[in-house]
Structures are given as C-alpha cells and as structure tokens.
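S.K.: Next come the chains, spelled out residue by residue.
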Amino acid sequence: MTTGKLELSGITKSYGSRRVLDDVSFQVAPGRLTGFVGGNGAGKTTTMRIVLGLLSADGGQVELDGSPLTAEDRRHFGYMPEERGLYPKMKVLEQIVYLARLHGFSKADAAARATALLTELGLDARLNDTIESLSLGNQQRAQIAASLVHDPEVLILDEPFSGLDPLAVDVVAGVLQASAAKGAAILFSSHQLDVVERLCDDLVILAGGTIRAAGSRDALRAEHAGDRYELVSAGDAGWLRTEPGVTVLDFEGGYALFEAESAETAQRVLRAAVDRGDVASFAPKHPSLAQIFKEVIQ
Amino acid sequence: MNPSSAIWLVAEREIGSKLRSKTFLISTGILLLIALAGILIGGFASKNPEATTVAVTSQTIAAVEALPNVEVTEVADRGEAEKLVRSEDVEAAVLPDDGALGYTVIALTDAPGDIVSGLSVSPSVEILDPATTNPLLRYFIAIGFGLVFFMAASTFGATIAQSVVEEKQTRVVEVLLSSISARTLLAGKVIGNTVLAMAQIVALAAIATVGLIVTDQNEVLAGLGAPIIWFAVFFLFGFVLLAALYAAAASMVSRMEDIGSTTTPIMMLVMAPYFLVIFFNDNPLVLTIMSYVPFSAPVGMPMRLFVGEAQWWEPLVSLAILLASCVAAIMVGAKIYENSLLRMGTKVKLAEALRG
Numbered sequence: 001m002t003t004g005k006l007e008l009s010g011i012t013k014s015y016g017s018r019r020v021l022d023d024v025s026f027q028v029a030p031g032r033l034t035g036f037v038g039g040n041g042a043g044k045t046t047t048m049r050i051v052l053g054l055l056s057a058d059g060g061q062v063e064l065d066g067s068p069l070t071a072e073d074r075r076h077f078g079y080m081p082e083e084r085g086l087y088p089k090m091k092v093l094e095q096i097v098y099l100a101r102l103h104g105f106s107k108a109d110a111a112a113r114a115t116a117l118l119t120e121l122g123l124d125a126r127l128n129d130t131i132e133s134l135s136l137g138n139q140q141r142a143q144i145a146a147s148l149v150h151d152p153e154v155l156i157l158d159e160p161f162s163g164l165d166p167l168a169v170d171v172v173a174g175v176l177q178a179s180a181a182k183g184a185a186i187l188f189s190s191h192q193l194d195v196v197e198r199l200c201d202d203l204v205i206l207a208g209g210t211i212r213a214a215g216s217r218d219a220l221r222a223e224h225a226g227d228r229y230e231l232v233s234a235g236d237a238g239w240l241r242t243e244p245g246v247t248v249l250d251f252e253g254g255y256a257l258f259e260a261e262s263a264e265t266a267q268r269v270l271r272a273a274v275d276r277g278d279v280a281s282f283a284p285k286h287p288s289l290a291q292i293f294k295e296v297i298q
Numbered sequence: 001m002n003p004s005s006a007i008w009l010v011a012e013r014e015i016g017s018k019l020r021s022k023t024f025l026i027s028t029g030i031l032l033l034i035a036l037a038g039i040l041i042g043g044f045a046s047k048n049p050e051a052t053t054v055a056v057t058s059q060t061i062a063a064v065e066a067l068p069n070v071e072v073t074e075v076a077d078r079g080e081a082e083k084l085v086r087s088e089d090v091e092a093a094v095l096p097d098d099g100a101l102g103y104t105v106i107a108l109t110d111a112p113g114d115i116v117s118g119l120s121v122s123p124s125v126e127i128l129d130p131a132t133t134n135p136l137l138r139y140f141i142a143i144g145f146g147l148v149f150f151m152a153a154s155t156f157g158a159t160i161a162q163s164v165v166e167e168k169q170t171r172v173v174e175v176l177l178s179s180i181s182a183r184t185l186l187a188g189k190v191i192g193n194t195v196l197a198m199a200q201i202v203a204l205a206a207i208a209t210v211g212l213i214v215t216d217q218n219e220v221l222a223g224l225g226a227p228i229i230w231f232a233v234f235f236l237f238g239f240v241l242l243a244a245l246y247a248a249a250a251s252m253v254s255r256m257e258d259i260g261s262t263t264t265p266i267m268m269l270v271m272a273p274y275f276l277v278i279f280f281n282d283n284p285l286v287l288t289i290m291s292y293v294p295f296s297a298p299v300g301m302p303m304r305l306f307v308g309e310a311q312w313w314e315p316l317v318s319l320a321i322l323l324a325s326c327v328a329a330i331m332v333g334a335k336i337y338e339n340s341l342l343r344m345g346t347k348v349k350l351a352e353a354l355r356g
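Just so you know, the sequences run in chain order A and B. Residue 298 is where the first sequence ends in the working numbering, and the numbering goes up by one at each step. Residue 356 is where the second sequence ends in the working numbering, and the numbering goes up by one at each step.
Simulated from the structure, these hints should not be mistaken for lab results. Any given hint could be a false lead.
[As the list claims (entries may be wrong)] For lysine-lysine, the following DSSO-like pairs were computed, each having C-alpha atoms within a straight-line distance of at most 30 angstroms:
#1 Lys91/A with Lys182/A
#2 Lys89/A with Lys83/B
#3 Lys89/A with Lys347/B
#4 Lys294/A with Lys5/A
#5 Lys22/B with Lys89/A
#6 Lys91/A with Lys83/B
[Stated by the list, open to error] Short, incomplete list of chain B residues facing chain A, as computed with Cβ under 7 angstroms:
#7 Ala6
#8 Leu9
#9 Arg13
#10 Leu342
[Unchecked claim] Listing some non-contacts, in silico: residues in chain B with all C-beta distances to chain A over 12 angstroms:
#11 Val10
#12 Ala51
#13 Glu71
#14 Lys83
#15 Asp98
#16 Leu128
#17 Gly188
#18 Glu257
#19 Ile259
#20 Gln311
We put the CB at the ideal spot given by N, CA and C, even for glycine.
Kindly generate the complete structure, drawing on both the sequences and the hints.
M.R.: Put into structure tokens, the structure is as follows:
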C-alpha cells in the first residue's frame, strides 16, 4: 500500500451567510488513528464530505502526500457516511462484493476479501441475508465492511461506533487498528469520548467550525495536564494546605488532589509525605479526554 | 478500474436486482401470456367464425343453405319456428312469404345482419381508391404498438427513477460516488434498464410472430415484420432518451414520496403517443407529425410503415432526429443528475440543477 499523509489546510465553507467551517487545518497521518471530536453541528460531517469530494469547499485545500487530491486518489479512500447507506434488498455478501468490484477487484478477489472481512466483523452467519433483515448493529458492521473491503489508504468514518454494543465496539476497534497497522490513515468521528480516548493516536477537536486543538493524544494530554498531582497516604493529608506553593483542590482523609507551582515543589511534597507516613500512591493527574474537550471548546 | 467495466457492473446489478423481484417476473409473465392469448384468440376467431343457427322450412331450406356459415334446422311450420327462436335454440328463422323476395326473417330482439344481408339483393359496388388495410386491423395494430411502448417505457422508466431515489434516500450514493463517477453510475443504470426493456420487447415480438405463425395469419405477419423491427430500433433509442430524463428527474428529489412531483411530466410524454395513436390512427397528418417527434416516433413511424404511407427514407430521417435528441437528453440529463445527486432534503430546483 502506498500510503500518504492527508492534510487539510485553511478549509472554509459557508451555507449562505452562515460560516460552518473557518480555516480548518489538520493532518491525518498514515498508520495512525485520528479521532475527530466536536459537538453537534461543529462541522465534522461537512469536513469529511469535503475531504471525499462530496461537497466542495469555498476555500483552502486538501492534499495527499503534498499534492492536491484527485478523483483517482479518492478511489483509494474508504468512506462510511453518517446516515448509513447500503441497498436494503441486497444480500450482505453480494453487496460488499459489488462495492469491492467497483473499486476494481476481480470477482474472485472481491468475494474472498468480502467474506474474510465480514467474518472478521462477526457477520459470517448472515452473509446471505438481506441488509434490511439485519439488526441496526449488524447493518453497521456491514457498513464498516463496505468502507474497508478495498483496503483503502485513507479511511473516513463518520460515527463508526454509534449504536454498537461494547463487544461490537471492541470488534470494530480491532478491525480499525489492524487497518492502521497496515498503514492506512484513519479519521473517525465519535461522540463516545471514552472510546476515542482509548483508541486514537491523534486527536482533532472542532467547535463552531474552527479547530480548537489538534495533535497527538499524549501531547494534548500533557499540554492540558497542568500541575495536578494526586496523593494517597496513610496519614491525614490536611498538612498540605499549609505547604507553600501548593493549592489543594480536593482532600479527604489520606487522599488529596493538589496543584503544585513547580515540579520541585511536587517532589518536596512527596518527600514530606513519606516522612509523615506510608505513601500508597503519588502521581501526576492526567485529565480525561472529556475534561480536555470541555476545556478547549469553551 | 476503467469506466466501461464499472458501467457494466452497475448495469449488471440493476438487471440482477430486477430479475430477482417476484413482482416483476410475474407481471412480465402475465403480459406475455396476454399477448399470446390475444393473438391466438384473434387468429382462431377470424378463421372459424361461429355458425349462425337458423330454422327453415322445406321451401326456404335451399336459399338458406346456400349462405356461408349457417347451420340449419328444418321445421314444419311458423309456430314451431317461433318456438325455437323464443327458446333461443336458433338465432333466426327464415319462412316463406308472398313479398318480393319470398322470405320473412324472424328473430328475437335484433335483426340478424349476416342472414339479412345474405338474403338481400345489393347493387354492384365499385371502389376507385380502396383502403390498403382493414380499418379494424389497423386499429388493433395501433393499440398494440401504442400499448407496448407505453407499458415498457413506463415500467422501466419508473424502475430507473425508483432506483435513483433509493440510492439517494439510503445514501448508498455517497459510498458509490467515492468509487465511481456520477456519469458512470448514470450510464450503468440507463444501460441496465434499457437491456431489460429491450428484452421484454424482443420477447413480445417473438411471441407475436409465433402466435401469428401458429394461427396461420401469414398475411398479417408479412405486413408486420418490417414495422416490428423498426419499432424495436426506435424503441431502443426512444427508451434511452426517456431513461436519461427519468433518472435526471428522479435525482432532484430525496424521498420516494416525492418522486411523482418531478417525473409526472415525463410520464405525460410517455402516455401521449398511446392516446394519439388510438384516436388518430386514421389521420395521416397526425401520424406523420408523430412519426417525426422523438417521443412519439417509436409508435408513429412503425404505424405509417405498416399502412404503407411512409417512403423508404422517412424512418431513416426520423431515426436521425431521434438520435440527436437522444444525445441532447443524455447531456442535459447527466448534468442534472450530477448536480442533484448529493443534494439531500428538499426538491432541487431545475434551474439550480442545470446551473450546478
């Protein structure tokens, strides 16, 4: 697979006088899962549709490996639309085979790929059932198969996890991770921040049509980590309130959550705590994605 | 993948999904059976008209027996004859009287035309410019061409319209357009449905031919052969034209419920030739105009060829006009289709669809 980096720069889009995307720039790197989060109406779907050429942007550009996207490049994209779309009366296998053949695979190759992928997604018992006879969760698995069957270089998935039970989320997450491991660049949107947090390597946060944060998950976390520490000790942690350079945010018995003005202060606190009794744990406190999200979209 | 194999794939799917629909198979079967039955019944009826039963006395038996296609029952007197007429055992009775001809015809409610005319004396008639075809036959052939065109064009036109809206409504189209272009998709749909419509026309033509041969109507067959072939050729291009328009019109709406709002004008175009040919199949001016207007040419030109009014070059000129309109319709249709396909929600305005 010849994979490239998908890069959006300065994308703007207006519907009439309403600007829905304003100078949207971010990257989706090959071999990585990029989570795309934002509130309802933030512009995620619009951005994805622009990348796929289903909508045209008013300004800015989308590049793959440094050159503007062409229709030919898009043939190697996989797409899962927000509103699920497959032929209701077509059989599951037949449908996925058809889509694979439209992407240029021979009949035999298409059938082999479709069968393998659907089996991996747990639909092996439903291959010859029509789409309309499947449960919503299973329709969604079929939809994911439709976007993946041609081994796309770039995968754009709009809410791939919505409506899936926790086991199905794991199955789909596994398939996406395997695809990323083979080198695909994957962009997926989701409102399930815990899933995004667990799964993604990179993160893009969109609010009101502008990018509020973009980068690797770990860097974002570190950036928003602040200087919060958590201390769990045997004795009462009340003494912390009188330590210079320390602001206690929360404490109860031996537990305390505090902000230290510097790393040295934090180390001093740890030593002091050890002097006062056994320390069960002492660690910098990382904010959850939900917290970062709320913080950056303000 | 190259566009032409993608077009075939789309066409194949269209054909496959239609052939798997039981409704379609059953209705096609019924249509073919009706066509076959119509021709067979028509053929046998014209060959063996039912004999008229007539009661006669010994004085009239000779005159009545000389008439074609009667079955006589000899009776003794008027009383017995009337009884048979009243009980409807016979359709008429012919009895001697003293009038100029020497017979009285007795019937129950209506005068039996064939007996009356058979026994009448008529002046000899000379027609200087005889009609080339039997008006009744002409009428039936007109209905035949009109109905076949109407049924096939509206059935497969509606099919293509539904398939366009289905893809839009279910958003399959967004997935499809990430792998093939709108024009490829449109071409595949038009070709797939044209193949189905032509298969139905060819099946009907084959059944008509077999039916005519079986019932020994070789004269009609000889007259109808060339017009049927022309009909098929005109239908092919006429349908491609209509299919492009149906697809374009359907692409402007996003829900099945709205399909009528944009395809009704095209439905009118499909119905027009059917009604025109029924009302005006004996009007050469209307038929001539019909045979050159692209939408009605598939019905008008074969009709004129059948009655022998068209010169040999006329179908060629009309076909050229049809081909040019076909190309124009495909270009306009493809533009509307491309511009409307991804616009969900309310109906796309025609001006917007054309502008892009």
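S.K.: Determine which of the earlier numbered hints do not hold for this structure and return their numbers in increasing order.
M.R.: Numbers 2, 6, 11, 17, in rising order.
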